[in-house]
Amino acid sequence: MLPGGARPIGAPRVPRTLPGRAVDHLRRFERARLRRVTVVDAGHGFDIFGMHPDWVAAGVWLTRFFHRRWFRVTAHGAENLPPRGRAIVVANHSGLLPFDAAMLYADVLAHTDPPRVARPIADHFVPALPFVGTLFARLGMVNGTRANVARLLEQEEMVMIFPEGTPGIGKPRSERYRLQEWRVGHAELALRHRAPVVPVAIIGAEEQWPVAARLDWLHPFGAPFLPIPATPVPLPVHYHIHYGRPLSLHDGGGDPDDSEIIAAAAERVRAAVAALIAEGLRARRGVFA
Amino acid sequence: MSRVLVTGTDPVSRALVAALRVEPWVERVITVDDDLSRPRTLRSVMQGPIRAQAIDTIVHAAPPGSPTHPGRRAHVVDVEATRELLRLAEEHATVRRLIYRSSSAVYHTGADAVEVIDEDHPLELSPAAPQWVRDRVEADLALCAHAGLSRLAIVVLRCAEIFAPGAGSQLHDWVQSRVCMRPLGYDPMVELLSVEDAVRALVAAAGASTQGVFNIPGADILPLSRLIAACRRLDVPVPGPLLHPAYRLRTLMIGKEFRYDMNAGRFHFGAVLDGRRARATLGYAPGHRIWFDGVRDARSRVTGREPRPS
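From first to last, the protein sequence lines stand for chains A and B. Residues 1 to 289, numbered by my numbering, are exactly what the first sequence covers, in order. Residues 1 to 310, numbered by my numbering, are exactly what the second sequence covers, in order.
Chain B extracted, bound-state conformation:
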C-alpha cells in the first residue's frame, strides 16, 4: 500500500488525485495547494503532512508558471522549487519515489531534427530559447542528474502537450482566438495529450517499481490546420516574420498566454513522441482522444463518459 502526495491544483492534478483514490494499492492521497516556491513553505510541508502521513511517493504534477511573466520569480517557481523538493525528499525518511511531470517542450525541434522523438533526443539547450523553455529543461535535467544516484526512485514523464484549459497548454490558449494565424507554407503535425491519458501515465508511474525518463505521447496527432478546423476557428496563414510581432501585440493587448517565439519551431516542423519505452515499462499507451466540439469543449473530460456522437 502506498501513500501519495500530489502537488498542483490544475485539472491534471485534480484528476490525478481522484484517480489515485480509487487505486487499490493507494492507501492515502493528500494534496498540497500551498506555494511551494517558498523554501519555508516547502520545508513545513515536508516536515508536516508528509512526515505525519508517512508519505512514500511524491507526484510533482504542478504545471509550470506562465510564460508571459519571465524573470527571476518564474525561475524560482519552475526550477528552484523542484530542486529544493528533490533535495528535501532525498533527506526524508519515508519518501521513496518522486514522479515529475515534465514536458515535450524540453526537446529540440527543427528541420535537422527527427520527427519521432525518443528519450535520447537532444534537449533544447540553445541560449536563444525562451526562459520558460530553458527553465523546463533545467528542472528536467536537475531530476535526471539524480536518477540512479539518489536513494529515491525518480521518474520523469515528458508529456506531450496536455490540451486542456488551465493545464499550461500553449495550443489551447492559441485556439481561444477566433482567428488562428500560422506560418504560410507550413502545416506541421502536432501531438496532443488528453487529461485522462496524462493521469493514466502519472498513475502508472506512481505505481510502478521502475525509474527513468519516459515520453508520454498523446492519442491525437494531426496537422496544425486540422486542429484549427476541429476547433472551428478561422485558419489564416501569414508570412512567418509577421507572426512574432502580431502575437506579441496580441499578448500585450489582451494578455493571452500564447507566445509565438516559444512555438515557432513546432509551427514549422512536426515532432511526435516515441512512447515505446513507456509502453514497455509502464504499460502506458495513449487511449483517450480529445473530443473536439468547438473550443469550449476542447478539453477532455475526466468523468469517463464517452463523448456524444456528432
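One chain only, chain A, in its complex shape:
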C-alpha cells in the first residue's frame, strides 16, 4: 500500500469493500496502529497468499468481541514475541472450531508493535472450504505445505502452527490439556530456516465447546469429521495465553535432514508447551474466572 491511500500505477480503482466498512468501526488509534501491519505486496495490495491489510483490520474487528468480552483473553509473557524477523509460534490446539487460533491471532496483533500477523498454517481441507477458505486467506491463513511456510519464513514473517493438527481440535473432554500426536514439521522448518520457536499454551480453549457427538463418517468439504456441539455457542470460558521464551532449535547446528535431530527438536518444543500448560492450569482460578 502506498502512503496516503494512493494507488500504485496500473492498480485498478475498486469499489468500497466489506473490510473497508468494517475498519470504519475501529477506533481511530486502532486503525492507525493496524495501518502499520506489514504486507509483502504482490502488486495489488494483496500478498501472494491473498492477505490484505484491510482484511486484517476487519479480522481484528470481527474477533474483538470474542477477544475482549466473550473469552476475556489474558496474555502472559507477551514480551517473548519477537518484534521483527522470522518466528514460529507453536501452540496446543483444541475447542471444536479454531477459536483458539483466532484468539491467538488477535492477541499477537494486540501485543506486538508494530502489529505482526501470526500467519495461521491450516490443514489442506481448509482452503477448499467455500467462503471460509477465502476469508481466512484474506486474514493471513496459508495452506499447510512446507513450501508455503518456507516462503513466509524467508519473508521474515511470523507463522502460527498447531502440531496437534485437526485431531487436536476434535479431542474429547477426557483428553483435555493432553497433547495429542505431535507432528514434527515445525521443528524441521525451524532448523532449516533458523527461526526461533515461541512455545504457547492456550488455557481455556479446551473447555470452550463440549461435543455431543462426532460424525467420523461424514467429511464435508474434505474435513476429517463433522462435530456436533452440545451447546449452540461456545461457553464463555476465560482464555489465558501463555507465551514462553523463544527456543533456538538451530543453535546446536542440527542437521535439518536428520530425522532424529528433528524428532528431538520437536520433543523440546512439546515439552516447553506442556510445561506452559501445566503452569497455566496451576495459575488459573477457574474455567470461567
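Just so you know, not all the hints are guaranteed correct.
[As the list claims (entries may be wrong)] Chain B regions said to be covered by chain A (calculated; three or more residues, Cβ under 8 Å):
#1 135-149
#2 186-196
#3 218-224
#4 258-271
[Unchecked claim] Anything over 10 Å on all C-beta distances counts as not near chain B; from chain A, calculated:
#5 26
#6 36
#7 74
#8 97
#9 143
#10 151
#11 193
#12 196
#13 245
#14 248
#15 252
#16 258
#17 267
Rather than coming from a laboratory, the hints here were simulated on the basis of the structure. All C-beta atoms in this analysis are idealised placements derived from N, C-alpha and C, irrespective of residue type, glycine included.
With chain A's structure known, arrange chain B on it following the hints.
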C-alpha cells in the same frame, strides 16, 4: 553475435522480434510464419532459411492451438511439431540453443497443492485433464527430457498467463464477456504476465549461456474478483456445478475460447509462480504491470510508453 529465429505470429512473437532487433548481441533475426505442424514445411525451413542464415538460436514462441478444437490435429500442432523441431534442431549444424515458451498451465493445482509453485512442482498428469493441458505438458516434457543430454542448450520458460489478446490467454477471453461468472465462495489469487515481461524473459533466455527450466512470474497477482473489477465487468458468483454447463453453452453459442474445465482448478485454488531461479540465473524479475483500463486496453503495450494516469 547471435542469429535468432523466432516462431509464431502472435503479439509476443512480434514484440520479441522487435526487442531482439535492438539487442547488441543479436546480428540477425528472422521469423517463420509458416505452419510448422507440417513436417515437410518444418524441414524446408530448417534446410532453407536456418541453414542459409546460419541460425544458432531458435525461440519457439508460437502459442498453442485453440483449446476449443481438441483432437488429433491440435495434438500435432502443439506436440508433434515441437518434438520434430527439437529433433531437426539437434541434427542441424549451426543451431546451438532452443528456447521454448511453455506455460504455467502444465502445473497441477488443487487444495492439496502449494500456492507458490517452483520448477519442481508436480505437473498436471491427470488423464482427466483437458487435452490442451495434456498436450502442453507433453510438449514441455519432451524438451525437458532432452535437456542436459542433447548437444543443444534447451531452455523451457514456464510463463504465467500472458494477459493479452491473441496470446492464447484464457482469462483475457473470459473477461471479454460483460458478465463474468466465477465459483461462489471462492476468490483465488491469479497471476498475470504482461507481454513486455514475457518478451524480456525470452530475450534473457536467448542471450544467456545457461539451460534448464525456469518459471516466469508476472507482476500482477490479484484475486479473481479484483481482476473482474479492474476490467469493469459484472462479477457474478455462481454455484460451481452450474459453471461448467453455463460456459459450455456460451462456447457453443458464441464460439469463445474460454473453457471452464481447463480453468476450474485455478478458479478455486490460487497458485503463483516462484521466479527465484529465473531471477538468479537469467536476471529476470517481473517489472511491467498490466494497465487495466477496461478490457479493451487490458493488453500491455509494447511501445514502452508509460500508461496514462487515471
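Going through the hints against the structure:
Counting residues of the segment 135-149 of chain B whose beta-carbon sits less than 8 Å from any beta-carbon of chain A gives 0, not enough to reach three: the coverage restraint is violated. Only residues whose C-beta sits within less than 8 Å of a C-beta in chain A count toward coverage, and the segment 186-196 of chain B has 4 of them, enough to reach three; the restraint holds. With 5 residues bearing a CB less than 8 Å from a CB of chain A, the segment 218-224 of chain B meets the requirement of three and the coverage assertion stands. Figure legend: the segment 258-271 of chain B, annotated as covered by chain A; annotation consistent (3 residues with Cβ-Cβ distances under 8 Å, at least 3 required).
The Cβ of residue 26 of chain A lies farther than 10 Å from every Cβ of chain B, with a closest approach of about 23 Å, so its non-interface assignment holds. No Cβ of chain B approaches the Cβ of residue 36 of chain A within 10 Å, the least distance being about 23 Å, so the stated non-interface status holds. Consistency note on residue 74 of chain A: stated as away from chain B, and its beta-carbon is indeed over 10 Å from all of that chain's, at 35 Å minimum. Against chain B, the non-interface label of residue 97 of chain A holds: every CB pair exceeds 10 Å, the least being about 18 Å.
Non-interface status of residue 143 of chain A relative to chain B is broken: a Cβ of that chain comes within 10 Å, the nearest being about 6 Å off. With a least CB separation of 5 Å from chain B, residue 151 of chain A falls inside the 10 Å interface cut-off, contrary to its annotation. With a cut of 10 Å on Cβ distances, residue 193 of chain A stays outside the contact zone with chain B, its closest approach being about 15 Å. With 10 Å as the threshold on Cβ separation, the claim that residue 196 of chain A sits away from chain B holds: the shortest Cβ distance comes to roughly 23 Å.
A cut-off of 10 Å between C-beta atoms confirms that residue 245 of chain A is not in contact with chain B; the least separation is 31 Å. Residue 248 of chain A, annotated as away from the interface, keeps every beta carbon of chain B farther than 10 Å; the closest lies near 26 Å. The beta carbon of residue 252 of chain A sits about 29 Å from the closest Cβ of chain B, which is more than 10 Å, so the claim that it is off the interface holds. Here residue 258 of chain A stays apart from chain B, with its beta-carbon at least about 22 Å from theirs, past the 10 Å limit.
Every C-beta of chain B lies more than 10 Å from that of residue 267 of chain A, the closest at about 27 Å, which supports listing it as non-interface.
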